[in-house]
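Engineer: Residue numbers (our numbering), protein chains in the order written: chain A, 5 to 443; chain B, 2 to 234.
Read the hints as simulated data drawn from the structure, not as lab findings. A portion of the hints provided could be inaccurate.
[Claimed, not checked] Dumping the calculated DMTMM-like pairs for lysine to aspartate or glutamate here, alpha-carbon to alpha-carbon at most 25 Å:
| no. | chain 1 | residue 1 | chain 2 | residue 2 |
| --- | --- | --- | --- | --- |
| 1 | A | Lys165 | A | Glu339 |
| 2 | A | Lys218 | A | Asp271 |
| 3 | A | Lys62 | A | Glu89 |
| 4 | A | Lys328 | A | Glu339 |
| 5 | A | Lys328 | B | Asp59 |
| 6 | A | Lys328 | A | Asp271 |
| 7 | A | Lys328 | B | Glu215 |
| 8 | A | Lys328 | B | Glu155 |
| 9 | B | Lys46 | B | Asp59 |
[Stated by the list, open to error] To spell it out: a stretch of chain B is covered by chain A in this simulated footprint if at least three of its residues, at any positions, have a beta carbon under 8 Å from a beta carbon of chain A; those stretches are:
| no. | region |
| --- | --- |
| 10 | 131 to 144 |
| 11 | 151 to 160 |
[Stated by the list, open to error] Partial selection, computed: residues in chain B whose CB lies under 10 Å from chain A:
| no. | residue |
| --- | --- |
| 12 | Arg64 |
| 13 | Ala147 |
| 14 | Leu231 |
Where is the CB? At the ideal position from N, CA and C, for every residue including glycine.
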Amino acid sequence: MTTVLSMPQGGNSDTEMLASGPELGPPDAGMEWPTGTVDIMVGLLTLNNAGSIEAVLKSILEGLRQFFPDASALLVNCDAGSQDETAALITRLAAGIIPVRTVSNAAGSYTNLSREAGFPGREETIHNFCLTARRVRPKVCLIVEGQLRSFSPGWIDHLAKPVYEQGEDFVVPLYRRHRYEGTLATNLLYPLTRALYGKRLRYPSGGAYALSGKFADEVITRSTWSGAATKYSVDSRLTTAALAGGYRVCHTCLGTKDLESKLAPADLSVVLAQTVGGIFHSMEAYEPSWENITRSHEVPVYGTPESAPDPGPLHTSRMVSGFKQGLRDLLPLWELILSRETLGQIIALDIQDPEEFRFPPLLWVQTVYDFSLAYHNQTLHREHMLKALTPLYLGRTASFVLETQHGDSAEVDRTVEHLCREFESSKSYLVEQWRWRDE
Amino acid sequence: MSDLWRETMVAGFRDTVMQIVLVLPRLLALLTFLTLGLLAAWAVKVLTQRVLRTFGFDSFCDRLGIVQPLSQAGVRRPVSQVVSGVLFWIVFLLFAFMGVDALNLQATANLISQIVAFLPNVLAASLVLLVGVLCANFFAEASLIAAVNAQVEEARIVAGLVRWGLLLFTFAMVLTQLGIAKEIVIAAFSITFGGVVLALALAVGLGARHLMREMLERRFSHHEDKVDQLSHL
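Next comes chain B alone, as it looks inside the complex (with noise of 0.2 Å):
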């Protein structure tokens, strides 16, 4: 009786000592993962703001008209700082899927090239995104110019029309590159452009259609030129 205790006590410490042992080399390279990570995310990142920073990228990015919407979206850091903490992030999260992969469990298994199979998809994601930005900042310049010049009052409400739509139009071709809720996505993008087109539509041709018609005929019969007086060349 006291062989069997003493064989079944012996056995179950050398398991745990065994399963310790084993698992001891897998919880010390996440730890080895995780401090090269943070390293190496930070070299990256201190590299990147010095190599932006001499080509004059914050300045650059403010001519695009990228520090606006960033500063309106509450990120008040100059674009080079958020572009290599970004970085920091990545390199950083990397290493990290590395440490939790070494740990073999189950539940992680695969975890990394699930994660690079997925990355094509948030690349191609992120461009889109910052040609939408572009473009919806682009183009709502030069409507508000172009309205601001042709003394439209309601100037500020179109550019924001086209900067909003443009922007919405952006966001829901994003989520259907990253697959997240496609037909959702698709759906509701359909129901409010459509919305928002018919509710135009019906503005126009039964609430203001009587402005709209002063609106066409004072830019087709060139009323402004009798105004204005004035040949300017």
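Next comes chain A alone, as it looks inside the complex (with noise of 0.2 Å):
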């Protein structure tokens, strides 16, 4: 990956293109990185965010201004390729206040194009701001993206000051959502990545993350931005690389996420594809460290978790369609995926009044757990068994959603909680089953 960066000197905001390289280049004489004087780096992600990107500075500064007004910082402006000026309007806005680095990425640097959360580009931000704070070295990393309108200054205290004062390395936001949002989190993410590494951090949903300057270290020195990996989404790797490493993580609560987002949203089986296949990828890279766990524990959270209210009735008719569907015409691919009993059991699920469709939750951990062994041992071609997997999981939500109807939200919880005790108490099968694999 290039990387160009443009530097100021001393704390002003001038800008002036450097160096480009897989890595960060050597600053000119005269221009130096702050290195080992910030306590405080924020990333602020961009692209094409000019019309949103003033509030959502002004609260940074704030909050700075507010909850760290003894604190040194510093903004790294890691910008996608913004066509709008969205990196000339941050220095402007942040001169004399701040000071600032832009790092953008270099043209046709994007390894992923169909991304399966936030903006193109938004993985080689993220990869150039970690390269920046191993350079920096601050105390606490802040990455906040600049389509977040619903940032406010409160959420830098809520981010920064469990890593600057409580000593965590990965802070993961927990936003105000109602409880159906973020499904394939709740129904695969989080209780595979629970079972797998033994703690109950939910899957991240992007927006904002805080981490340690030794995690973002550790991060940039690890093989998850090169080969197969970068196939996958970022924040799988992100998370996976603190919880398989030992790293202290947590949550905070932050409030509503109000994105300004102009693009379409992905695809469900690309989402599906990059979100799972960077979990199934860390389970080979991870394997030591996942195997020989057995329970899990919970993780910090800071703050109160809020429920927004709820959307009222779902459809589930159009999810139930497509489990048919591809019951019907993929067969031939899960057979060669799924095991004998797994695939019996599938077919035989009623699937005659699509208000009475249940996928049972140990079926749904047989289901992942047979998909992520046929990841390992290469059944089919990866990205088509991936992709395979979206009509199971529209079966699935659509039972989970029919279940909890009626219910309120600790309803839809306590289906998770029993959920992820069935991913818990199934792992022996996954483990005998890997290993046997790989003899």
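Join these two chains into a complex; the hints should help.
Structural biologist: As structure tokens, then:
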């Protein structure tokens, strides 16, 4: 990946092209990175956010002034190639208030054009931010997406304090969401990572993060930025790196996540392939870290989680019909991926009445574990295999909604908890099969 | 008169015996080549099969998607057996051609050199066929999954069209490479391909324009998101 830097002199915000290369280039004479002297480094990830960036930047500056008045701070604008003067606007607005560095993705550096979340080039901006953190060695690294319109000054405190004062390494926000938001996270990503690594850390949904300087340095030294790993979600890579590396992880409660997105949402199968594929890929990379874990533990939660109002009745008929079509058309592929018992139970599911459709939690756990084993065994082309999971996920989601539609948020939480326990109790099957296939 | 008769008889007998004496070693050479060919081919077959099984060639082919089309085509044996069988016949035929060449018949003169000269074409055609079949399977599988995930009812038809379109293209290339009825193959392929494209254009433009408009509207107005009402991540 080529990195083009622009750096100010001293604490001002001038812009100058400096270097290109696989890592941050050496600064020219008279231009230095403030190494080892920065307490909080805020990374502002942008792509054509001129419309919303002023409010976000003001909140960041106000948060730093209000909650960390004595801490030295540096703002690093990691830009993915804005064409609307976003970087210049940030430099102008922050001039004289905070030192600013701009690190731009080089043209043509995108490794993953179909993004699972955020914006194209987001992964490279996070990579550039971590490279900068390695150079600057701050105590706290904050990552904030420029499109996060709902960012408020208090979020700086919520994100940075667990690292700054409590010594946490990776802070994942919990947003105010309604009970059915993030069904892929609640039904697959969270239970799977929890069963694997033994930490009850909810799958991150982007927007903002806080990392310790130590963890940011660790992330960049790992081989998660090259090879097959780059095909998968950067959020998944950060999360598994923290969990498998034994870093201190925690949640912090923020408000509503409101993103200014000018792009159409990514296709569900792409999202699924990138996020689930990221976890499956990490299972191979961190095999010794998860194989012997049998129980899970809570992680600290800073603040009080809130639920958004109920979204009202959800229509599941389209999900059930998606599952039905998968059962009709993808059966030959599922025969290669799933064990005979699992497939037999899936075929036996009653799909006659969409309102009565149920996909039992244990069957879903077996399905996910069989897919992870098939991924490991390379039974099929990996991307095809991951995308072939989509109809099954739709079936499970429909069942999840139908099971809990007459309950409240607590009912949904109980269902998710029950599913997580099924994932944990069936892990021995995964480990046994994984080892058997390795022999 | 009797001397002439005797000389003629002796000469005829001598010539025939001479011819038989000349042909017999050639026939023996043919038989030897055939026997050696059988033995060598059998050895190659057994050795290939063992090596391929040792390296898990069958499961590798399974992953590449070669087994499924072979099975559909009626070849239900493991791929390692198919490969070793093909090698058996190649080795045996090579020895057989050597034997035929040893007969020194006018009709089979230069047979081996002609076959050797044609071998590069056969190898290139085999390679094209292999790559074509693999591509056809890969893209058919990809299109099937994409169509199912987009909830296109005719997903299997779409995948079938992709598979057979690519196979048709591959067969045309293979036949062209082998030099078999080149002009006819090119003409037939052009007509078929052009016909299919024209038929699709007419079907979409005339027969299914309303359906296409609805599909495009649904695609670009993100109607599906409203239906699902869920943020998955």
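Engineer: Against each hint, give a clear statement of whether it holds in the structure.
Structural biologist: Going down the list of hints, with the structure as the test:
no.	hint	result
1	A:Lys165 x A:Glu339	violated, 50 Å
2	A:Lys218 x A:Asp271	violated, 35 Å
3	A:Lys62 x A:Glu89	holds, 17 Å
4	A:Lys328 x A:Glu339	holds, 16 Å
5	A:Lys328 x B:Asp59	violated, 32 Å
6	A:Lys328 x A:Asp271	holds, 19 Å
7	A:Lys328 x B:Glu215	holds, 23 Å
8	A:Lys328 x B:Glu155	holds, 14 Å
9	B:Lys46 x B:Asp59	holds, 15 Å
10	131 to 144	holds (count 3)
11	151 to 160	holds (count 4)
12	Arg64	holds, 6 Å
13	Ala147	holds, 7 Å
14	Leu231	holds, 6 Å
Checked against the numbered hints given earlier, the structure breaks hints 1, 2 and 5 and satisfies all the rest.
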